[in-house]
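Chains as they are written, first to last, in the working numbering: chain U, 5 to 390; chain C, 5 to 390; chain B, 5 to 390.
In case anyone wonders, no lab produced these hints; they're calculated from the structure.
Where hints are given, some of them may not hold.
Identical copies look the same in the list; a pair holds intra-copy or inter-copy alike.
Stated by the list, open to error - Restricting the straight-line Cα-Cα distance to at most 25 Å, the calculated cross-link-like pairs of lysine-lysine (BS3-like) are:
(1) Lys319 <-> Lys166
(2) Lys237 <-> Lys302
(3) Lys259 <-> Lys276
(4) Lys264 <-> Lys280
(5) Lys280 <-> Lys302
(6) Lys329 <-> Lys264
(7) Lys166 <-> Lys276
(8) Lys166 <-> Lys274
(9) Lys313 <-> Lys166
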Amino acid sequence: MTVASMLSSNSMNVGVSNPKMSSKTSACCLLNRPWPSSCSMSISSCGQFGVSEKSKLLCGAGALQVESAPLFSVGQKFQLDDVIEAQQFDRETLSAIFEVARSMENIRGNSSGSQMLKGYLMATLFYEPSTRTRLSFESAMKRLGGDVLTTENAREFSSAAKGETLEDTIRTVEGYSDIIVLRHFESGAARRAAATANIPVINAGDGPGQHPSQALLDVYTIEREIGKLDGIKVGLVGDLANGRTVRSLAYLLAKYRDVKLYFVSPNVVKMKDDIKEYLTSKGVEWEESSDLMEVASKCDVVYQTRIQKERFGEKLNLYEEARGKYIVNQDVLKVMQNHAVVMHPLPKLDEIEADVDNDPRAAYFRQAKNGLYIRMALLKVLLLGW
Amino acid sequence: MTVASMLSSNSMNVGVSNPKMSSKTSACCLLNRPWPSSCSMSISSCGQFGVSEKSKLLCGAGALQVESAPLFSVGQKFQLDDVIEAQQFDRETLSAIFEVARSMENIRGNSSGSQMLKGYLMATLFYEPSTRTRLSFESAMKRLGGDVLTTENAREFSSAAKGETLEDTIRTVEGYSDIIVLRHFESGAARRAAATANIPVINAGDGPGQHPSQALLDVYTIEREIGKLDGIKVGLVGDLANGRTVRSLAYLLAKYRDVKLYFVSPNVVKMKDDIKEYLTSKGVEWEESSDLMEVASKCDVVYQTRIQKERFGEKLNLYEEARGKYIVNQDVLKVMQNHAVVMHPLPKLDEIEADVDNDPRAAYFRQAKNGLYIRMALLKVLLLGW
Amino acid sequence: MTVASMLSSNSMNVGVSNPKMSSKTSACCLLNRPWPSSCSMSISSCGQFGVSEKSKLLCGAGALQVESAPLFSVGQKFQLDDVIEAQQFDRETLSAIFEVARSMENIRGNSSGSQMLKGYLMATLFYEPSTRTRLSFESAMKRLGGDVLTTENAREFSSAAKGETLEDTIRTVEGYSDIIVLRHFESGAARRAAATANIPVINAGDGPGQHPSQALLDVYTIEREIGKLDGIKVGLVGDLANGRTVRSLAYLLAKYRDVKLYFVSPNVVKMKDDIKEYLTSKGVEWEESSDLMEVASKCDVVYQTRIQKERFGEKLNLYEEARGKYIVNQDVLKVMQNHAVVMHPLPKLDEIEADVDNDPRAAYFRQAKNGLYIRMALLKVLLLGW
Numbered sequence: 005m006t007v008a009s010m011l012s013s014n015s016m017n018v019g020v021s022n023p024k025m026s027s028k029t030s031a032c033c034l035l036n037r038p039w040p041s042s043c044s045m046s047i048s049s050c051g052q053f054g055v056s057e058k059s060k061l062l063c064g065a066g067a068l069q070v071e072s073a074p075l076f077s078v079g080q081k082f083q084l085d086d087v088i089e090a091q092q093f094d095r096e097t098l099s100a101i102f103e104v105a106r107s108m109e110n111i112r113g114n115s116s117g118s119q120m121l122k123g124y125l126m127a128t129l130f131y132e133p134s135t136r137t138r139l140s141f142e143s144a145m146k147r148l149g150g151d152v153l154t155t156e157n158a159r160e161f162s163s164a165a166k167g168e169t170l171e172d173t174i175r176t177v178e179g180y181s182d183i184i185v186l187r188h189f190e191s192g193a194a195r196r197a198a199a200t201a202n203i204p205v206i207n208a209g210d211g212p213g214q215h216p217s218q219a220l221l222d223v224y225t226i227e228r229e230i231g232k233l234d235g236i237k238v239g240l241v242g243d244l245a246n247g248r249t250v251r252s253l254a255y256l257l258a259k260y261r262d263v264k265l266y267f268v269s270p271n272v273v274k275m276k277d278d279i280k281e282y283l284t285s286k287g288v289e290w291e292e293s294s295d296l297m298e299v300a301s302k303c304d305v306v307y308q309t310r311i312q313k314e315r316f317g318e319k320l321n322l323y324e325e326a327r328g329k330y331i332v333n334q335d336v337l338k339v340m341q342n343h344a345v346v347m348h349p350l351p352k353l354d355e356i357e358a359d360v361d362n363d364p365r366a367a368y369f370r371q372a373k374n375g376l377y378i379r380m381a382l383l384k385v386l387l388l389g390w
Numbered sequence: 005m006t007v008a009s010m011l012s013s014n015s016m017n018v019g020v021s022n023p024k025m026s027s028k029t030s031a032c033c034l035l036n037r038p039w040p041s042s043c044s045m046s047i048s049s050c051g052q053f054g055v056s057e058k059s060k061l062l063c064g065a066g067a068l069q070v071e072s073a074p075l076f077s078v079g080q081k082f083q084l085d086d087v088i089e090a091q092q093f094d095r096e097t098l099s100a101i102f103e104v105a106r107s108m109e110n111i112r113g114n115s116s117g118s119q120m121l122k123g124y125l126m127a128t129l130f131y132e133p134s135t136r137t138r139l140s141f142e143s144a145m146k147r148l149g150g151d152v153l154t155t156e157n158a159r160e161f162s163s164a165a166k167g168e169t170l171e172d173t174i175r176t177v178e179g180y181s182d183i184i185v186l187r188h189f190e191s192g193a194a195r196r197a198a199a200t201a202n203i204p205v206i207n208a209g210d211g212p213g214q215h216p217s218q219a220l221l222d223v224y225t226i227e228r229e230i231g232k233l234d235g236i237k238v239g240l241v242g243d244l245a246n247g248r249t250v251r252s253l254a255y256l257l258a259k260y261r262d263v264k265l266y267f268v269s270p271n272v273v274k275m276k277d278d279i280k281e282y283l284t285s286k287g288v289e290w291e292e293s294s295d296l297m298e299v300a301s302k303c304d305v306v307y308q309t310r311i312q313k314e315r316f317g318e319k320l321n322l323y324e325e326a327r328g329k330y331i332v333n334q335d336v337l338k339v340m341q342n343h344a345v346v347m348h349p350l351p352k353l354d355e356i357e358a359d360v361d362n363d364p365r366a367a368y369f370r371q372a373k374n375g376l377y378i379r380m381a382l383l384k385v386l387l388l389g390w
Numbered sequence: 005m006t007v008a009s010m011l012s013s014n015s016m017n018v019g020v021s022n023p024k025m026s027s028k029t030s031a032c033c034l035l036n037r038p039w040p041s042s043c044s045m046s047i048s049s050c051g052q053f054g055v056s057e058k059s060k061l062l063c064g065a066g067a068l069q070v071e072s073a074p075l076f077s078v079g080q081k082f083q084l085d086d087v088i089e090a091q092q093f094d095r096e097t098l099s100a101i102f103e104v105a106r107s108m109e110n111i112r113g114n115s116s117g118s119q120m121l122k123g124y125l126m127a128t129l130f131y132e133p134s135t136r137t138r139l140s141f142e143s144a145m146k147r148l149g150g151d152v153l154t155t156e157n158a159r160e161f162s163s164a165a166k167g168e169t170l171e172d173t174i175r176t177v178e179g180y181s182d183i184i185v186l187r188h189f190e191s192g193a194a195r196r197a198a199a200t201a202n203i204p205v206i207n208a209g210d211g212p213g214q215h216p217s218q219a220l221l222d223v224y225t226i227e228r229e230i231g232k233l234d235g236i237k238v239g240l241v242g243d244l245a246n247g248r249t250v251r252s253l254a255y256l257l258a259k260y261r262d263v264k265l266y267f268v269s270p271n272v273v274k275m276k277d278d279i280k281e282y283l284t285s286k287g288v289e290w291e292e293s294s295d296l297m298e299v300a301s302k303c304d305v306v307y308q309t310r311i312q313k314e315r316f317g318e319k320l321n322l323y324e325e326a327r328g329k330y331i332v333n334q335d336v337l338k339v340m341q342n343h344a345v346v347m348h349p350l351p352k353l354d355e356i357e358a359d360v361d362n363d364p365r366a367a368y369f370r371q372a373k374n375g376l377y378i379r380m381a382l383l384k385v386l387l388l389g390w
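Produce the complete structure using the sequences and hints provided.
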């Protein structure tokens, strides 16, 4: 996914333009069938019938207070059929998802809320292993009372010898489950899967492409830690050229007002022009800096990333130079404001020194935990509606 | 499993001749213990005590209507202790299993039926990966409220270094679970496992041997799609020499009246004589044809299969010639009758052209879904009885 | 873990000396929250509030009858926060765990007891595969109504390329689960994990180090099979040099009175001096013997072990000589007393002849099953308290 396509799909709302849409609002809405595949696509369309908890619902551009309104018809804009890429979300949808995620923080194992997905099956269809992401999604499903079918060797489905298409695999797996979480090695695979499936698909990373739940949890963490998104100052540090995380984050933050971004990175992995141009076009202030201390003293968030050795090939000297350049340590903590936090998508290496973990401003393990709440929220909304 | 042994075991009913039988009708029947291994073998013998839904029960050669009869004693013929091979099933047992499978189509995630196996544990003991089969069984178990212990690297149990026998592994795993679904690389492994285990064993494929749940779902699909099995006309297309699927299907269809089979295959992978002789001995009409169009125009079912490249070794030119010979495409669909269907065990390659998927007569994804219902039925019957 | 360190930590009780202790008795005790990670550490401290079944509780050095006492404050000695090594257990704690394990033998799938861990999630974080151990723990969790997040390729978390520390992985996984079962290739890994985690950690084997649940199930099996531990005579046979199993067993048996141990092993794999010296220091009688028949005739337990080929490197002639030397067969059974039993940690090779399996004194499969009850007990105690 290039930024060019990001831009072109910027105003697109999957719920509206997705061709599955019309079939998803079928007569099945009148039935209360949790899992037949022929019908489950409509569940996300009419799931609001079953919403029992009180929730503040943001509708369209405005806010609307709804309390368990049984016949409330959500606008098309809120129709969440699949989660494919960060740019499918507008500001209002982000807010609505964050509301649901907040409510997930209060769910306990024995409360009734934790059984809201009882009887639902999620298939984690991973064409390449990603234990961290997989466990997070599976925990989310099970925390809500649902169950999981797991495969980490989904390539076996479509091995060179057998040659099954991704589409055929999806058609088979949708017969066994109610929602598919897909990890794939090819960019665009999630979109193809979603176009085929009659049940919701969540992209858990497709090659160098998208990993939208990571982008959502990053923004959610900033709001939870700092208390706001408008007016936020964020320093993006480390590998800004290759990390899809920081690129998606920059993209999503452009939806908020008075945001200022600082880019602090070794020369070989600087933020690319496409993102810079996009930010400028959206009126987002940004600047490059080689002074981590100065940036850290101004920012609400220092978002550190790992320099990825595998991107340097045989130029290991460049890697060694780059990785040692910007380290978050006690000196950085000293200049940071009291309310500011350090974030990191994890796993981390030595770009954050170990004793930083003990500072209350080290937010990265809370950030990882927020991934659980965001994924619980996505599963809930896709399977039961808002 | 050769047809010679198929013939010799033709009239065998596992429930009767299985040496576990006597122990399985032990005093444990009087207790209501769902999972102690010392007793669970008897559960399948006396499970009917717990059957709460109304079901039409076929007993012996005749049909019998039973409504939750608490002390009804099923005939020995119905005792289903293990599922090892297609030929263990007679026509009546097939009908009874299909009845149960039909009722499974109506089970919903939140209905009480979906909790009928709550508290039961299935171990999927796979000595070689088969994600499709494994997910289908695991979905079946979870759709009924049961839970699953999974291993796809069961070889590690009995690695060359450690050298544990299959029998010892089974004795250990039966201590952890209530039913074992076994996939093994050696023909006959499932029978050995069943002879050892005190809990039910389902064969999910043992090397070049049997894969009985696939055979059952094929016959079930024909009945569901066409509405009958007696008088059916089926064209078997593709690799008829190596596919255990078509061989098992031919065997099972011989149990029905007025069946006619057409064999359409490249010369190198023709149906073998043993099956032809068996069909003739059972009075089943069959003919070989090289004209797919003519066969397709006459048949109720066109059962296409994949030409398996791995069977050709280095003779790739023969493979290329064979694979291109009989393709199901729009031309074939045009001559097929309206009520007829295309089936395929999946995964498919280009032996069915992609646009065939959209024709309502393309039944192969429904067929895959039927695998779920058949497996739900087998799990229910083995753990709770009829 | 050397015996030197075993000795030094002999009187240590993890519950007392563990630095997590103070945080674990936090105000969260007043709440009834089963799984928030910020609080779950305290669950094992105050879990006894929720204990509904009657249980005989051994407190400190004396026995105490307690029936669901809601405000009963267990002594520090009983605080079980983590299960790291066999030597953390004193005689009283072993008895208390065995009491709980006994009650687990009566839990049935549909009884309420089987739901006691409903809503709890266990993460099986395996850095090397061990299907047998993993399935046993997962069965234990599911038998109690809990659920499981599984990974057998946890190394991927901390691959050379990514280089995440075990501590960081633990901090992430504790956000997804309520208890971690860790298998690791490095001795001491479990202790490091427990020092980091705010939720309970169970060591399921750390390299050449400890595997405490195996040690517990061995002692439990002796008590179950023979009816006592004081005054027991045990013959340890086979590889006594390398097997952590027999070393741990010898260590634990030293806690009982009038125990006599016989060591029967090929010269190349004799019991090491550290254990012999330790036993002597504890007043435990032991002798070496090369006469299996004589030992078998005297013992309550013949504990056979596998000669591990991988320990011999290229000296395969020594291996062949050693493995054939002491075999348990019908001749051995003939001289064994009626009440005596044969045990084995499994998997076994030909050090026990196959027809021994049929003798009622062959206890090794019951022993494997006891592993399930011990693990159920550990999970219950760690998550709910005594």
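We went through each hint and held it up to the structure:
1. Lys319 <-> Lys166: For Lys319 and Lys166, only the inter-copy Cα distance (18 Å) is at most 25 Å; the intra-copy one is 38 Å.
2. Lys237 <-> Lys302: within (7 Å within a copy, 73 Å between copies)
3. Lys259 <-> Lys276: within (19 Å within a copy, 67 Å between copies)
4. Lys264 <-> Lys280: within (12 Å within a copy, 70 Å between copies)
5. Lys280 <-> Lys302: within (20 Å within a copy, 65 Å between copies)
6. Lys329 <-> Lys264: Only inside one copy: Lys329 and Lys264 sit 23 Å apart there, 64 Å across copies, limit 25 Å.
7. Lys166 <-> Lys276: Classified as between: cross-chain Cα gap 24 Å, same-chain 40 Å, threshold 25 Å.
8. Lys166 <-> Lys274: This pair counts as between: shortest inter-copy Cα distance 21 Å, intra-copy 42 Å.
9. Lys313 <-> Lys166: between (34 Å within a copy, 9 Å between copies)
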